[in-house]
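S.K.: Whenever a hint applies, use it, and build me the whole structure from the sequences.
Chains as they are written, first to last, in the working numbering: chain A, 1 to 361; chain B, 362 to 722.
Hints are not guaranteed to be accurate.
Claimed, not checked - Each computed EDC-like pair below joins lysine to aspartate or glutamate, with the alpha-carbon atoms no more than 16 Å apart:
| # | chain 1 | residue 1 | chain 2 | residue 2 |
| --- | --- | --- | --- | --- |
| 1 | A | K245 | B | D379 |
| 2 | B | K518 | A | D121 |
| 3 | A | K165 | B | D611 |
| 4 | A | K157 | B | D482 |
| 5 | B | K606 | A | D250 |
| 6 | A | K245 | A | D223 |
| 7 | A | K162 | B | D611 |
| 8 | B | K526 | A | D223 |
| 9 | B | K606 | A | D121 |
| 10 | A | K246 | B | D482 |
| 11 | B | K523 | A | D140 |
| 12 | B | K647 | A | D223 |
| 13 | B | K607 | A | E332 |
| 14 | B | K505 | A | D140 |
| 15 | A | K246 | B | D379 |
| 16 | A | K146 | B | D501 |
| 17 | A | K245 | B | D611 |
| 18 | B | K507 | A | D121 |
To be clear, the hints were calculated from the coordinates, so they are not data collected in a lab.
Protein chains: 2
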Amino acid sequence: MSSTPSLEELPPIAQPDDELQYFETHAPPANIAQLSLEVRDFIAHHHAAHRRVVLVSSGGTTVPLENQTVRFIDNFSAGTRGATSAEYFLEAGYAVVFLHRQFSLLPYSRHYSHSTNCFLDYLSEWGRIGEGEDAAEGGDVVVKQKYRQQMLDVLRKYRRAKENKTLLLLPYTTVTSYLFLLREVAMRMQVLGSEGLFYLAAAVSDFFVPPDRMAEHKIQSGDIPGAAGEDNHAAAAVAPGPRGKKLVIDLDPVPKFLNRLVEGWAPNAMIISFKLETDSAILLYKCRQALERYNHQLVIGNLLSTRKFEVVFVDNKKNENWIRVPEAKEGEEQLEIESLIVPEVVRRHNQSIGGASIHRF
Amino acid sequence: MSSTPSLEELPPIAQPDDELQYFETHAPPANIAQLSLEVRDFIAHHHAAHRRVVLVSSGGTTVPLENQTVRFIDNFSAGTRGATSAEYFLEAGYAVVFLHRQFSLLPYSRHYSHSTNCFLDYLSEWGRIGEGEDAAEGGDVVVKQKYRQQMLDVLRKYRRAKENKTLLLLPYTTVTSYLFLLREVAMRMQVLGSEGLFYLAAAVSDFFVPPDRMAEHKIQSGDIPGAAGEDNHAAAAVAPGPRGKKLVIDLDPVPKFLNRLVEGWAPNAMIISFKLETDSAILLYKCRQALERYNHQLVIGNLLSTRKFEVVFVDNKKNENWIRVPEAKEGEEQLEIESLIVPEVVRRHNQSIGGASIHRF
Chain A
1 MSSTPSLEEL PPIAQPDDEL QYFETHAPPA NIAQLSLEVR DFIAHHHAAH
51 RRVVLVSSGG TTVPLENQTV RFIDNFSAGT RGATSAEYFL EAGYAVVFLH
101 RQFSLLPYSR HYSHSTNCFL DYLSEWGRIG EGEDAAEGGD VVVKQKYRQQ
151 MLDVLRKYRR AKENKTLLLL PYTTVTSYLF LLREVAMRMQ VLGSEGLFYL
201 AAAVSDFFVP PDRMAEHKIQ SGDIPGAAGE DNHAAAAVAP GPRGKKLVID
251 LDPVPKFLNR LVEGWAPNAM IISFKLETDS AILLYKCRQA LERYNHQLVI
301 GNLLSTRKFE VVFVDNKKNE NWIRVPEAKE GEEQLEIESL IVPEVVRRHN
351 QSIGGASIHR F
Chain B
362 MSSTPSLEEL PPIAQPDDEL QYFETHAPPA NIAQLSLEVR DFIAHHHAAH
412 RRVVLVSSGG TTVPLENQTV RFIDNFSAGT RGATSAEYFL EAGYAVVFLH
462 RQFSLLPYSR HYSHSTNCFL DYLSEWGRIG EGEDAAEGGD VVVKQKYRQQ
512 MLDVLRKYRR AKENKTLLLL PYTTVTSYLF LLREVAMRMQ VLGSEGLFYL
562 AAAVSDFFVP PDRMAEHKIQ SGDIPGAAGE DNHAAAAVAP GPRGKKLVID
612 LDPVPKFLNR LVEGWAPNAM IISFKLETDS AILLYKCRQA LERYNHQLVI
662 GNLLSTRKFE VVFVDNKKNE NWIRVPEAKE GEEQLEIESL IVPEVVRRHN
712 QSIGGASIHR F
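M.R.: Here is the structure:
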């Protein structure tokens, strides 16, 4: 590990104007100083234990249209890719900084948190009459026998991650909070050098509302007598339309921070970005374009409609490798594609470090 | 109940052009026919049992910017108001049609479903060493002693709602699905006459993208060689800007369906709408305006910043009554404001029906 540079040895970062301005004109998350210390301690702990650290970003980002936010623009993502991948990284011996959209899916609890698998349906009250195999004496609340083994597996893994402090949860909501936190974690991860890994599965907005064009209050769809007139300067405003007042929104492009991450914030880490498209005709082009533009190591491409069954690894040596989930046999559950993606990512990370074996706890 | 009209006796609904066109130009949710039958059976069952039925709408609505949706506009709402209120309506003896944003908070599971109260932290493995009071023999998964009583309370209420079939969950995602389902449920609820109640807590978008101006694929922030040019006709499109390509979105106003609900779909029911504002100076004005515009019975107004502590009931007799949560005593939990809102709503519903007492199971 002696070849990895410390924070002190790194040259100061030259920020292109747009990015510098973005951070200067936006307020950071209120608790960023405290979160930064937590990240520092987390990384120092695992660095000392020779454990690799991966930042997994997960979920969509919001672009608020008002300071007191009622309406916002969002990017589709429940957080399945990120939350599932985080579990497989933990199993592979990595410590995980999980930078996720607040209330999106989390590792482990994702198995039960949504309405399709409501955990209340898995619980039984002991001593209750008419529960068949679940009936017993006492007044405890227990997990039903048929769900017990799966719940035990999940619970044990969750416990192990908590006990070993290998999972750090960092929530964000807006694209701005996401970018501030990404920068903060990346700077803290510099001490890890090539053992640091970025797995950027979050669906990050390409557009934002500049603070000087942000409405303060909920945008009104009608006139309010005595209120100030419409602010035509605002990025989102109502205007007359053929069917009544219409809403017009005008967003600026988010500066290309991936460039900054690769060159400035995490120059020695392995960086993996994701590309989600809906049109199969442009997927590979978009993956290659991202690699050319940002000079990082790997883009994982996927289509909205097939993302749970196939992805393509496009690397900076112009290789294109598809990973596909084998069809499930009758009565068997479909494999999670992340159980194939993550080991392949780990293999490539090993290779990029130089074949070092991963430390397991 | 003989005074309530049946579906057959109601006059055909005259749809103003905009609303008619909205339903004609948008596709209904794929499963609407099946859901409609479920709603019919649910209402028939409770109608026969002389149980009142409330439709509670809950959560935000999305406005997709592409048919294959990657980006969308959303309205802020985790679904707390709706999910919490639904529980209190169930306790008051109502059957609840819970029309909710998919993956927003649900009655009962809301107590544990988010990261702040991860239910995995409440579970313990029996026989596990070092769990103190939770340690025991066996290999079961049990709820820890200190969380047991609360979990039992929630589980019993959840079970009771399931066993009595008093809670029907209807999920939606887009504003269009919401409107189709609202219309469907309202038509089915007509048989209930004045015993039907609408408690419209969902945050419904005022704007939408007309289908003929909807992009098919993910909107591209850059040029794609060989791809078709930008569709300037689309409601959301990229355009040159001072800092690169910017995104311009142009949304039409959603027709005023509340009017339709009051006059056509549910002419005899009690209808309660919500008004969420950020600016206290206009809250009462907006509540009064809604009553004048739609001629329904009650608007519950609230401010984004104080919505968990105070709301105002503005009724069609020009009364304005604030409901405020008393300050919690030291060591006690704050009351849920819905535990005050719902009984007051029930009282007014009783009054509007003519003092009939509510049937409890």
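S.K.: Evaluate each hint against the coordinates.
M.R.: Outcome of the hint check:
Simply put, K245 of chain A and D379 of chain B have alpha-carbon atoms about 14 Å apart, close enough for the 16 Å limit, and the pair holds. Only pairs whose Cα atoms come within 16 Å are accepted, and K518 of chain B paired with D121 of chain A is accepted, the gap being roughly 12 Å. The suggested pairing of K165 of chain A with D611 of chain B is violated, with an alpha-carbon distance near 47 Å, which exceeds 16 Å. For a cut-off of 16 Å, the pair hint linking K157 of chain A to D482 of chain B stands: about 12 Å separates their Cα positions.
For the proposed pair K606 of chain B and D250 of chain A, the alpha carbon gap of about 11 Å is at most 16 Å, so the pair holds. Proposed proximity of K245 of chain A and D223 of chain A is supported: the alpha carbons are some 10 Å apart, at most 16 Å. With a CA separation close to 47 Å, the supplied pair K162 of chain A and D611 of chain B exceeds the 16 Å bound. With a C-alpha separation of about 45 Å, the suggested pairing of K526 of chain B with D223 of chain A is violated against the 16 Å cut-off.
Restraint check for K606 of chain B and D121 of chain A: not satisfied, since their Cα atoms lie roughly 49 Å apart, outside the 16 Å limit. Between the alpha carbons of K246 of chain A and D482 of chain B the distance comes to roughly 47 Å, so the proposed pair goes past 16 Å and is violated. Between K523 of chain B and D140 of chain A, the direct Cα distance comes to roughly 20 Å. Violation of the 16 Å bound is thereby established for this hinted pair. As the CA atoms of K647 of chain B and D223 of chain A are separated by approximately 10 Å, the hinted pair is consistent with the 16 Å bound.
Taking the CA atoms of K607 of chain B and E332 of chain A, the gap is near 47 Å; set against the 16 Å cutoff, the hint is violated. Pair hint K505 of chain B plus D140 of chain A holds up; C-alpha atoms about 9 Å apart against a cutoff of 16 Å. With a C-alpha separation of about 14 Å, the suggested pairing of K246 of chain A with D379 of chain B holds against the 16 Å cut-off. For the proposed pair K146 of chain A and D501 of chain B, the alpha carbon gap of about 11 Å is at most 16 Å, so the pair holds.
Our distance criterion of 16 Å between C-alpha atoms is met by K245 of chain A and D611 of chain B, whose separation comes to about 11 Å. The suggested pairing of K507 of chain B with D121 of chain A is violated, with an alpha-carbon distance near 21 Å, which exceeds 16 Å.
Of the numbered hints listed earlier, those contradicted by the structure are 3, 7, 8, 9, 10, 11, 13, 18.
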